[in-house]
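Chemist: Letter by letter, the chains look like this.
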Amino acid sequence: MSSQNNPHTNAKSIPLSERRWLKLARPVIIVVALIATWQVLVIMTGAPKYMLPPPADVWNTLISRHDVLFDHARYTIAETVIGLFAGAALGTLAAIPMALFSPVRFWLMPILLVSQAIPFFALAPLLVLWLGFGLASKIAMAALIIFFPVTVAFFDGLARTETGWLDLARTMGASRWRLLTHIRLPAALPAFASGFRVATAVAPIGAVIGEWVGSSHGLGYLMLHANARVQIDMVFACLLILCAFSITQYFIVDRILRAALPWQPDSLKPAR
Amino acid sequence: MRNTEQTSVGTQNPTRFDVHLSGARVAFGSADIFHDLDLTLKAGSFTCLLGPSGVGKSTLLRYLAGLVEGDVSGNITCSDGQILKNRVAYMAQQDLLLPWRTVRENVELGAVLRGERPDHKRAEQLIAQVGLTDAAHLRPAKLSGGMKQRAALARTLMEDRPVVLMDEPFSALDPVNRLRLQELAARVLRGKTVLLVTHDPLEALRLGDNVHVLSGTPATLQDAITPSGQSPREIADPDILAKQAELLRQLGAEIAS
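As you go down the protein sequences, you meet chains A and B in turn.
For what it's worth, the working numbering labels the leading residue of the first sequence as 1094, then goes sequentially.
For what it's worth, the working numbering labels the leading residue of the second sequence as 32, then goes sequentially.
To be clear, the hints were calculated from the coordinates, so they are not data collected in a lab.
Do not take every clue at face value.
Pair ranges (Cβ atoms, derived) [unchecked claim]:
#1 B:HIS168 / A:ALA1182: 30 to 36 Å
#2 A:ALA1182 / B:HIS230: 44 to 50 Å
#3 A:VAL1207 / B:HIS66: 44 to 50 Å
#4 A:VAL1207 / B:LYS116: 42 to 48 Å
#5 B:ALA58 / A:ALA1352: 46 to 52 Å
#6 A:PHE1194 / B:ARG145: 20 to 26 Å
#7 B:GLY105 / A:PHE1194: 28 to 34 Å
#8 B:ARG145 / A:PRO1218: 51 to 57 Å
Just a sample of chain A residues kept apart from chain B, beta carbon distances all over 12 Å, derived [what the hints assert, rightly or not]:
#9 LEU1115
#10 ILE1128
#11 THR1130
#12 TRP1152
#13 ARG1167
#14 VAL1207
#15 SER1208
#16 PRO1212
#17 THR1341
Facing chain B, a subset of chain A residues (Cβ under 7 Å, in silico) [said to hold, decoys possible]:
#18 GLY1257
#19 ARG1271
#20 HIS1275
#21 PRO1279
#22 TRP1356
The beta-carbon is built from N, C-alpha and C at its ideal position, and this holds for glycine as well.
Let the sequences and hints guide you as you build the complete structure.
Modeler: Dropping the structure here:
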């Protein structure tokens, strides 16, 4: 072993993640590469336009039908955002009593776990039946699938308060309420934030599923109709808007959470 | 660092009562950590508790702080007839600073948790006393290990309790920082009844008026060693060095048996 030197071939090169210009250009490069791949696929497979429309056609649809697309996107966005906050609020309301009172935890935990075995997408027709064709059923759908990740993450954070802090607070004569508001809740916020991030990513799925099952508005509704009329470029245009919205929403939420929790370690930076 | 003449903010409330611990017993599962253990903390004295790891030093300290739950018995009495609860400040090996609060907000934590108005002026004085005035507005992530323990010390003093229980508060620090913090602690804790748990014989001898070794299973307390002179004592003092050797023998003999 001693005669063999450790190879330090790349010791001098800067890691990819730290080159500033590359970091800024990264999203552009990725998007361009994906569109190029798409175009290559279209050419190579020779797929007809009603199977796989080329990027240029989808772009044209985005521009020419922007009024229709925008009109329907409003509904989906509203359903997603309201569902996100409703689900997160419900998750918070469930997690706090569960962390504070062991009887609540004892009876609620099994229900919560079993409820995860229910395929929520299968509930969509029922929700439409109960809550109607309007926004309510889609908001409920989005809120339902968000509820679980938020509850579990927040409950976990609340249950894992550093015991040293609890000891310290006890010697200081803290009341149960102040212990919650000044130590346990803020300590659990990073855990809540990671649950909320997951929820942000899945919320649009709930809204679109709800729209597929029964609605008269929204990108999901538009997709279904376009699909039936073989307007595949329209379906793709809806998908692109959904993607753009999901990504934008995720980054906005991520930025807000980071600004609100400045003591939290940067989760996107790889550990060294 | 060694200006002892200045009136320290931390000692405005000197202790006037002894704390007696008698017949203390703590068991985890079927094993007694200690039983029938007696200990007196004289009013205003600095007592150090040494012993091998896992012997129950921290448990004894946490017992006094009222933090041990479960299979526990014994009596804690104070010579003024009142109970010890709510007259104890606690400082642990980890700084236990809340990462979302600044140094000043951490120092003022106790009042906030009790729903009282924090005394900002006193907090500022104590922060100055531990040398953190320039860092008072910073969050713990921006502090070094030594600065964090200084902040924790200021938070402990802010409680202004007559009895201070410290669980290896300086053991995670490098040697130089540890010596500095020992000097600071000796100065700011003067007049309070202190119980310090440590595994460092030199630290115990620098700071303690009485140094006890806790050893064996179930653990028993050895007779106190009492270093002469006022703390913080010089590390090169021949008396201290001789007593350190004696303590190490006591600790080593226990490890061998």
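Chemist: Give a verdict on every hint.
Modeler: Consistency of the hints with the structure:
no.: 1; hint: B:HIS168 / A:ALA1182: 30 to 36 Å; verdict: holds, 33 Å
no.: 2; hint: A:ALA1182 / B:HIS230: 44 to 50 Å; verdict: holds, 49 Å
no.: 3; hint: A:VAL1207 / B:HIS66: 44 to 50 Å; verdict: holds, 47 Å
no.: 4; hint: A:VAL1207 / B:LYS116: 42 to 48 Å; verdict: holds, 43 Å
no.: 5; hint: B:ALA58 / A:ALA1352: 46 to 52 Å; verdict: holds, 49 Å
no.: 6; hint: A:PHE1194 / B:ARG145: 20 to 26 Å; verdict: holds, 23 Å
no.: 7; hint: B:GLY105 / A:PHE1194: 28 to 34 Å; verdict: holds, 31 Å
no.: 8; hint: B:ARG145 / A:PRO1218: 51 to 57 Å; verdict: holds, 54 Å
no.: 9; hint: LEU1115; verdict: holds, 28 Å
no.: 10; hint: ILE1128; verdict: holds, 41 Å
no.: 11; hint: THR1130; verdict: holds, 42 Å
no.: 12; hint: TRP1152; verdict: holds, 46 Å
no.: 13; hint: ARG1167; verdict: holds, 37 Å
no.: 14; hint: VAL1207; verdict: holds, 33 Å
no.: 15; hint: SER1208; verdict: holds, 32 Å
no.: 16; hint: PRO1212; verdict: holds, 39 Å
no.: 17; hint: THR1341; verdict: holds, 28 Å
no.: 18; hint: GLY1257; verdict: holds, 5 Å
no.: 19; hint: ARG1271; verdict: holds, 5 Å
no.: 20; hint: HIS1275; verdict: holds, 6 Å
no.: 21; hint: PRO1279; verdict: holds, 5 Å
no.: 22; hint: TRP1356; verdict: holds, 4 Å
Violated hints are absent here; each numbered hint is respected by the structure.
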